[in-house]
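There are 2 protein chains.
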Amino acid sequence: MEFTTRHQGLDMDSLPPEFLITPNPDDPRLTEMVQGIDQTGAAIDTAVTVERPLTLYLNGQEIVTMMTILDYPEYLALGYLLNQNMLRQDDQITAIQYDEELEVVVVRTECRTDFEEKLKKKTLTSGCAQGTAFGDVMEKFEKVTLPREARIRTSWLYALTHKINTAPSLYLTAGAIHGCVLAQEDHPLVYMEDVGRHNAVDKIAGWMFQNNISPDDKIFYTTGRLTSEMVIKTAQMGIPILVSRSGFTAWGVQLARQIGLTLIGRARGRRFIALAGQERIVFDADWRQHAEEEHKHRRKGARDDD
Amino acid sequence: MEFTTRHQGLDMDSLPPEFLITPNPDDPRLTEMVQGIDQTGAAIDTAVTVERPLTLYLNGQEIVTMMTILDYPEYLALGYLLNQNMLRQDDQITAIQYDEELEVVVVRTECRTDFEEKLKKKTLTSGCAQGTAFGDVMEKFEKVTLPREARIRTSWLYALTHKINTAPSLYLTAGAIHGCVLAQEDHPLVYMEDVGRHNAVDKIAGWMFQNNISPDDKIFYTTGRLTSEMVIKTAQMGIPILVSRSGFTAWGVQLARQIGLTLIGRARGRRFIALAGQERIVFDADWRQHAEEEHKHRRKGARDDD
Numbered sequence: 001m002e003f004t005t006r007h008q009g010l011d012m013d014s015l016p017p018e019f020l021i022t023p024n025p026d027d028p029r030l031t032e033m034v035q036g037i038d039q040t041g042a043a044i045d046t047a048v049t050v051e052r053p054l055t056l057y058l059n060g061q062e063i064v065t066m067m068t069i070l071d072y073p074e075y076l077a078l079g080y081l082l083n084q085n086m087l088r089q090d091d092q093i094t095a096i097q098y099d100e101e102l103e104v105v106v107v108r109t110e111c112r113t114d115f116e117e118k119l120k121k122k123t124l125t126s127g128c129a130q131g132t133a134f135g136d137v138m139e140k141f142e143k144v145t146l147p148r149e150a151r152i153r154t155s156w157l158y159a160l161t162h163k164i165n166t167a168p169s170l171y172l173t174a175g176a177i178h179g180c181v182l183a184q185e186d187h188p189l190v191y192m193e194d195v196g197r198h199n200a201v202d203k204i205a206g207w208m209f210q211n212n213i214s215p216d217d218k219i220f221y222t223t224g225r226l227t228s229e230m231v232i233k234t235a236q237m238g239i240p241i242l243v244s245r246s247g248f249t250a251w252g253v254q255l256a257r258q259i260g261l262t263l264i265g266r267a268r269g270r271r272f273i274a275l276a277g278q279e280r281i282v283f284d285a286d287w288r289q290h291a292e293e294e295h296k297h298r299r300k301g302a303r304d305d306d
Numbered sequence: 307m308e309f310t311t312r313h314q315g316l317d318m319d320s321l322p323p324e325f326l327i328t329p330n331p332d333d334p335r336l337t338e339m340v341q342g343i344d345q346t347g348a349a350i351d352t353a354v355t356v357e358r359p360l361t362l363y364l365n366g367q368e369i370v371t372m373m374t375i376l377d378y379p380e381y382l383a384l385g386y387l388l389n390q391n392m393l394r395q396d397d398q399i400t401a402i403q404y405d406e407e408l409e410v411v412v413v414r415t416e417c418r419t420d421f422e423e424k425l426k427k428k429t430l431t432s433g434c435a436q437g438t439a440f441g442d443v444m445e446k447f448e449k450v451t452l453p454r455e456a457r458i459r460t461s462w463l464y465a466l467t468h469k470i471n472t473a474p475s476l477y478l479t480a481g482a483i484h485g486c487v488l489a490q491e492d493h494p495l496v497y498m499e500d501v502g503r504h505n506a507v508d509k510i511a512g513w514m515f516q517n518n519i520s521p522d523d524k525i526f527y528t529t530g531r532l533t534s535e536m537v538i539k540t541a542q543m544g545i546p547i548l549v550s551r552s553g554f555t556a557w558g559v560q561l562a563r564q565i566g567l568t569l570i571g572r573a574r575g576r577r578f579i580a581l582a583g584q585e586r587i588v589f590d591a592d593w594r595q596h597a598e599e600e601h602k603h604r605r606k607g608a609r610d611d612d
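First to last, the protein sequences are chains A and B.
Going by the numbering used here, the first residue of the first sequence is number 1, and it counts up by one from there.
Going by the numbering used here, the first residue of the second sequence is number 307, and it counts up by one from there.
In case anyone wonders, no lab produced these hints; they're calculated from the structure.
Just so you know, not all the hints are guaranteed correct.
Reference listing, derived: stretches of chain A covered by chain B, where coverage requires no fewer than 3 residues with Cβ under 8 Å from a Cβ of chain B [said to hold, decoys possible]:
(1) 26-40
(2) 220-231
(3) 276-287
Glycine included, each C-beta is placed from N, C-alpha and C at the ideal position.
Use the sequences and the hints to build the structure in full.
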C-alpha cells in the first residue's frame with residue numbers, strides 16, 4: 001500500500017476508544033484566512049474552509065473530479081469507488097497513489113474491475129456513468145440485508161449527539177462543512193468532515209474497508225438530511241442504524257422501511273423522530289432528564305443540509 | 307413546446323412583480339404525511355418532503371437520474387443541460403416531454419448538440435462525463451465576463467432576506483429542502499426549492515432560458531454554501547451578484563474574485579460578510595436600524611448546507 005494503514009489489528013471485540021479519527025481544525029491546510037468587509041463596510045479577516053478539486057482514477061480510467069478538503073484522499077477514493085459500485089468488497093487493491101501537487105488519486109487493482117470490463121464492452125451507457133449507475137445501485141440496494149439484532153439505546157443516542165456537538169471541528173472554526181460519524185454504542189469512532197456531504201460518507205466507507213471493520217453493530221450519524229441517497233449509501237455500507245439532526249424525505253423513509261434500516265431524524269437535544277426500523281430502539285433513558293438543545297449547538301445559518 | 311411557456315412577453319424594463327414563482331407548500335404532490343414515533347415512544351404523524359428519481363434524456367441519450375421534488379421537471383431538465391454545458395444558449399429546443407408516470411423528461415433539439423457529437427466521436431472520456439465535464443466547465447468559466455455596472459444596495463439585501471425568510475415554503479412545512487431565489491433590486495422574482503440544492507439552481511436557469519431573461523441586473527440568493535460549484539454556476543448563468551445566509555469555501559472566494567463576481571455570505575438579519583466584488587455594494591441602509599435575525603428564521607437543525 002502506498003500509505004500507512006492506520007488502525008490495523010484494531011481490537012473490535014471490546015468497545016474501541018472514542019474518536020480514532022476526528023476533525024483537526026488546527027490543520028493549516030484545511031482552513032484559510034481571507035480578507036473582506038462586513039455590513040458596516042469595515043475590513044475584516046475571516047476563516048473559510050479550503051476546498052480543492054481531486055481527480056480520481058481507477059487504474060487507467062478517469063472517474064470523477066470531486067471538490068474536497070483533501071485531508072483523507074485515499075479513504076475518499078476507496079469509499080467513493082465502493083459506494084458507486086465501481087469496486088467490490090473482494091477486489092484486490094494493489095495501490096492507492098495520491099499526488100498532492102497534481103491533486104490526483106489513483107486506485108489500482110490486481111485485476112481489471114467488473115466496472116472497467118463493462119466500460120470496455122460498452123455495456124454501460126456511453127457518456128455518463130451516472131445514468132446507468134442509478135439502475136445498478138437500486139438493483140444492489142434491493143439485495144441488502146441488515147442485522148435485525150442490532151440495537152440503539154436512547155442513552156447512547158443522547159451521549160453520541162452531545163459528544164459530536166462538542167467535538168472540535170472545522171465547522172466550528174470555519175463553517176460551510178458537513179460531518180458524518182461512525183459510532184459504536186455511545187462511542188463516536190470516526191468523525192469525518194468535508195465540503196460535500198457524500199465525501200464525508202465515502203471517507204468513512206473507505207476507512208471501514210481499509211481496516212476491515214464490521215458494520216453490523218455500528219451507528220451512522222450525519223448532519224445531513226435523510227434522503228434516498230443517504231439511506232442507500234448507509235444500507236450499502238451494511239450499517240443498520242442511521243441518525244441525523246436533520247429531516248427526512250418521503251422516499252428516504254420508504255427505502256429505509258423497505259430495507260429494514262432504522263431511521264432516526266430531527267435528533268436535537270432530547271428530541272427525535274423515528275420513521276423506520278423502530279424495533280431496534282431501546283428506550284432506556286428518561287428523556288425529560290435531558291436538556292433541550294442549547295442554541296449554541298444549532299448549526300449556524302442554514303437549512304437542513306444536503 | 308410541449309408545455310406552456312409561462313411569463314412570455316414579460317416586461318422586464320420595469321421592475322417585475324414579486325414572486326412570479328414561489329414554493330407551494332400546499333401542493334399535495336410535494337409533501338407526504340408519514341407515521342412514526344418520537345423520543346417518548348409515542349406515535350406521531352409528521353410531514354416529509356416528497357423526492358422522486360427523474361431520468362433526463364437529451365434526444366436519444368440518457369444523461370442522468372436526479373432526485374427531485376418534481377414540481378418543475380421541464381425547467382430542471384433545461385437548466386441542468388445548460389449548466390452542464392450539454393446545451394448551449396443558441397441550441398434550438400424543439401420539445402421538452404415530461405412523462406409523469408415513467409418519471410422521465412426528454413429534451414429534443416433541432417440539430418444534434420455539440421455534446422452529443424463529442425460523445426459520438428468518443429472525444430469525451432468514455433464512461434464518465436463527470437470527469438471531463440470538470441475540465442470543460444473550468445474552461446468555459448474562465449471566459450465569463452460579468453457586468454461591472456451592476457449594483458446591490460444594502461437596503462435591497464435586507465428587504466430580500468426578510469421577504470425570502472417569511473415566504474411560505476416547503477422548508478417551513480416539511481424541512482429537508484434547499485431554496486434559491488432569483489431577484490431584481492429588492493424583489494424576489496422566482497423562488498425554487500428542491501431536495502438537491504443544484505436542482506433548485508438549475509430550475510432557475512431553465513426558467514431564465516425559457517423566458518429569455520437577462521441575468522445582468524439580477525441577484526442570486528441561495529440558502530446553500532458558497533462553494534466553487536455554486537460560484538461557477540452563478541457565473542455561468544451570467545449573474546453578477548451571489549448572496550447566501552451560509553458560509554464560504556476558500557476556492558469559492560478565489561473563483562469569485564477571479565471572475566469578478568460579488569460574493570456576500572453569512573447574510574443573516576443585519577449582518578453579512580462580502581469576500582469578493584465588494585465594489586458593487588452600495589451601503590445605503592443604516593444597519594443598526596435593522597434587527598438581529600430572529601431565532602425562528604434560523605434554518606432548523608443543520609449545518610451550513612451544501
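Now the hints, each set against the structure:
1. 26-40: As far as the segment 26-40 of chain A goes, the hint holds, because 9 residues have Cβ atoms under 8 Å from chain B.
2. 220-231: The restraint on the segment 220-231 of chain A holds, since 7 of its residues have a Cβ under 8 Å from chain B and three suffice.
3. 276-287: Satisfied; 5 residues make the cut.
Violated hints for the displayed structure: none, as all numbered hints are satisfied.
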